[in-house]
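Chain by chain, the residues:
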Amino acid sequence: MSETKRRPGIGRRRFLLGMLAGTAGLCIYGGVRASRAHERSVPELGDIEGALKPNAYVTVTTDDRIILACDKQEMGQGTSTGYAMLAAEELVVPVERVEIYFPDSSSKFGTMGTGGSGSIVQGFVPIREVAAATRMMLVSAAAQQWGVDASALRAENGSVIDDASGRSARYGELVAVARTLPVPQEPTLKSREQFRVIGTPARRVDNHAKVTGAATFGLDITVPNMAKAAMIHPPRQGATVTSIDSDEAKQQPGVVDVVVTERGVGVVAERYWQAVRAARLVKIEWTAGDMPEFTSESLRAEMAASPRERARNALDEGDVDKAEGALHEAVYEVPYLAHAPMEPLNAIAHITDEGCEIWTGSQGPTGVQDAVALALGLERGAVLVHTPFLGGAFGRRSHPEAVLDAVWLSKAVGRPVQVIWTREDDMRSGRYRPQAWARITGRLDGAGAVTSLTFDTISQSIMAEIGGLLGSLMPNAIPPRMRAWLGRNSARLVGSNAVVADFIATEGATHLGYAIPNRRVTYMPIKAPVSVSWWRSVGFSINTFVVESFLDELAHAAEQDPYQFRRKMLGESPRWLGVLDAVAELSGWGTRELPPGTARGIAVAHAFGSYCAEVIEARIDDGQIKVTKVYAALDCGLALNPDLVESQIEGSVIFGLTAALWGEITVDKGVVQQGNFDDYRMMRMHETPEIVSKLVEGAPEPGGVGEPAVAPLAPALANAIFTLTGERLRRMPLQAEYARRAAASPKTS
Amino acid sequence: MKLKVNEEEREVDVPEDVPLLWVLREELGLNGTKFGCGRALCGACTVHVDGAPKRACVTAVGDVAGQAITTIEGLGDEAQLHALQQAWMEHNVPQCGYCQPGQLMMAAALLRSKPEPTDADIDAVMAGSICRCGTYPRIRKAIHAAAKARTGAPKGGTP
Ligand code: FES
Ligand code: FES
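Just so you know, the sequences run in chain order A and B.
If you use this note's numbering, the first sequence corresponds to residues 1 to 749, in order.
If you use this note's numbering, the second sequence corresponds to residues 1 to 159, in order.
Hints may contain errors.
[What the hints assert, rightly or not] DSBU-like cross-link-like pairs, simulated, lysine-lysine; straight-line CA separation at most 30 Å:
1) Lys629(A) - Lys694(A)
2) Lys148(B) - Lys629(A)
3) Lys629(A) - Lys141(B)
[As the list claims (entries may be wrong)] Facing chain A, a subset of chain B residues (Cβ under 10 Å, in silico):
4) Asn92
5) Cys99
6) Tyr136
Hints listed in this document are in silico derivations from the structure and should not be mistaken for laboratory results.
Beta carbons: idealized from backbone N, C-alpha and C, even for Gly.
Please put together the full structure from these sequences, using the hints given.
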């Protein structure tokens with residue numbers, strides 16, 4: 001059904017996520033599937049007696065409400081506004097007329113999950129189709145009532161109009177007849193020239209709720225008879241309780257119970273503040289855990305010394321061994337990073353005779369269903385997941401750890417339980433962007449052209465750690481244990497590097513637009529007792545730093561301007577070149593003088609179906625790197641809502657700079673050293689540079705928006721610092737690396 | 001203990017040293033005030049106490065009994081949103097929205113003391129409020145716009 005084609009250059013992970021839309025697309029007109037007979041559900045906003053509901057998404061009521069199920073989670077990226085715009089376009093109503101809700105987990109929507117900057121890419125055709133089909137039914141209903149041909153009628157602002165006779169009827173008035181009509185199987189979509197909503201800077205549909213405090217996040221939900229819980233997580237990964245003294249805690253007012261779970265200890269009370277207070281009184285001895293001597297510093301050394309025999313090629317073009325020219329080589333490193341979404345992780349679980357009900361802000365409701373089903377020995381359909389707004393996610397909310405905490409505690413106390421992680425739990429209890437090490441080499445011929453590029457990287461495999469999530473891509477027909485087993489094993493297979501390299505680990509190094517005749521990319525996984533995850537822009541956040549910094553090194557070695565140096569290699573890659581030229585012009589590269597003491601750096605990337613180039617202007621104030629300006633050119637194809645695309649660029653810039661300058665999670669003797677915003681620094685208002693962005697439209701359909709602009713930031717900044725100081729910073733975070741260099745070499749201070 | 005929240009008298013039965021944040025959320029059902037760090041590091045829990053901004057996560061409820069507490073729910077009303085709330089919507093400020101109640105309460109306190117704040121004024125006051133989604137550039141624009149809308153409005157007209 002879906003016409004969204006897979007375009008060349010889109011990474012495999014996006015294809016994987018793309019399949020989700022395909023699954024949903026199949027169900028749009030398919031009616032109830034057999035497997036749904038056993039699926040738990042409760043009435044939702046779109047279930048209204050007597051309304052027109054021709055598909056899982058759209059509801060039109062007799063009193064003219066237009067309601068859309070947004071089956072993607074809203075974590076700030078603006079997808080719910082985008083989906084409202086797509087529906088408004090085809091239903092020919094103002095965007096504000098579309099009421100959005102986030103449906104409960106259901107196989108009606110296939111696998112429910114949000115990531116890979118894929119929501120608009122995946123929904124662009126199907127959401128318009130479901131809306132267009134609904135509109136056609138309303139138009140047909142009017143045609144039938146008036147005894148005219150449907151082609152003589154048009155829809156406008158929530159009504160069907162007959163221009164010939166001047167008659168009109170509101171959608172609500174047509175619902176009763178429309179309900180009796182067949183659902184069009186091939187709805188006709190508006191052509192580009194007819195768009196009136198798509199491409200406009202519409203207001204967000206969630207603005208009002210979010211400025212009045214009315215928006216409901218997981219933390220804000222209360223269900224009857226609910227208890228609250230604080231967790232005491234193991235101090236080291238894999239540590240379990242050897243002895244516990246909870247007598248005093250249990251005596252405290254409001255305390256319901258203190259429960260040892262599979263992953264720590266839960267203190268359950270009537271109120272959260274009571275649970276937090278009582279938790280301080282629990283005395284626990286822990287086992288040593290998976291690797292009590294592990295430090296992130298020793299992992300650096302281990303990576304650098306690793307033999308490469310298990311490395312596997314992710315890309316091998318031309319023959320790097322035969323390439324000629326002067327050899328350049330460098331080693332780059334990045335640390336673990338936490339996501340630190342503003343809303344700490346939390347979840348409510350309620351176990352009943354029929355199954356389990358969950359309320360949590362998750363990026364992957366189907367994955368949550370599977371994780372809970374597996375924990376309780378249930379079918380997927382026996383677990384019902386309600387999804388409110390997500391208070392930030394960035395990849396972290398793909399994983400069900402807090403949900404499982406709530407499930408174990410609800411099971412133990414026989415009541416619905418809400419678990420709220422503290423900021424320290426959130427930062428110390430797992431899931432980080434992997435620490436990574438990469439060696440990169442390149443050859444420059446006498447004319448200063450790059451003849452070869454090799455890239456060898458080591459990191460923990462994210463794929464190897466997401467077995468449960470892969471299982472959630474499989475249909476209900478496969479029994480839960482089988483799904484989990486298949487998911488785990490396919491993930492392990494990729495993670496083991498035995499068959500193919502984990503493509504996430506090398507994204508940003510493999511698909512390059514540069515005309516470099518000989519290239520090789522290899523990946524080798526490494527094990528460490530730290531759980532890893534997707535982190536906004538994922539592999540690109542690591543590898544684009546390495547590749548784009550190193551190309552800058554080569555440009556300087558060839559004594560060429562870094563923009564022109566890249567430009568020459570991008571003749572065959574018009575969209576790469578398009579954003580590079582756009583950002584050069586926007587920033588006055590080579591034409592506008594900078595104030596003394598300020599320098600600029602440039603970088604470009606192709607990620608999530610889009611292209612982004614950035615120029616950063618920076619200076620050093622008192623030994624501190626100060627970013628003064630960021631220019632970004634993004635080609636995301638068709639920008640559904642240019643204002644929201646720009647807000648994603650701004651957010652990406654601040655997120656990316658925060659990590660590039662300061663972001664670092666370190667582990668010492670198995671213990672994460674950071675815990676809150678005083679030691680995991682966030683960029684703040686007064687540190688935020690001026691951000692100037694420009695959209696380039698290199699394709700008629702949309703590409704990803706939430707992540708691509710993160711990728712080029714770190715290298716653009718490192719490149720600016722090199723021009724400014726002559727110091728090549730090859731290790732993130734850059735501020736700490738700059739300080740180490742400045743201490744070692746008097747010339748920089 | 002008696003509390004005055006958003007111009008209403010409320011009675012709560014909790015120890016005096018419980019953080020105001022959890023009293024608002026759990027005892028009074030006012031969920032607009034958010035928990036972000038619990039240690040006065042992020043600003044998500046900002047409320048006004050007698051007009052001054054306070055971090056509710058580190059404010060003992062006993063210390064503010066009897067004083068006028070305003071939360072995001074009391075910043076504007078349905079009929080008339082605060083100028084900042086309107087400017088926030090016009091500039092598409094919120095992303096995930098989780099930090100925004102705290103940002104708005106902080107900005108409202110700023111406008112009270114400085115009706116026409118400079119960029120430096122905004123930096124000084126808003127630096128304590130983290131937005132992980134990175135909405136700072138729009139917050140800045142919206143504060144300027146709200147200041148303009150308020151000071152530029154004809155004086156003495158019906159509110
Ligand atoms: S929750 Fe109070 S300042 Fe962060
Ligand atoms: S809007 Fe998400 S943290 Fe500010």
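Hint-by-hint comparison with the structure:
no.: 1; hint: Lys629(A) - Lys694(A); verdict: holds, 14 Å
no.: 2; hint: Lys148(B) - Lys629(A); verdict: holds, 26 Å
no.: 3; hint: Lys629(A) - Lys141(B); verdict: holds, 17 Å
no.: 4; hint: Asn92; verdict: holds, 5 Å
no.: 5; hint: Cys99; verdict: holds, 5 Å
no.: 6; hint: Tyr136; verdict: holds, 4 Å
In the structure shown, no violation is registered for any of the earlier numbered hints.
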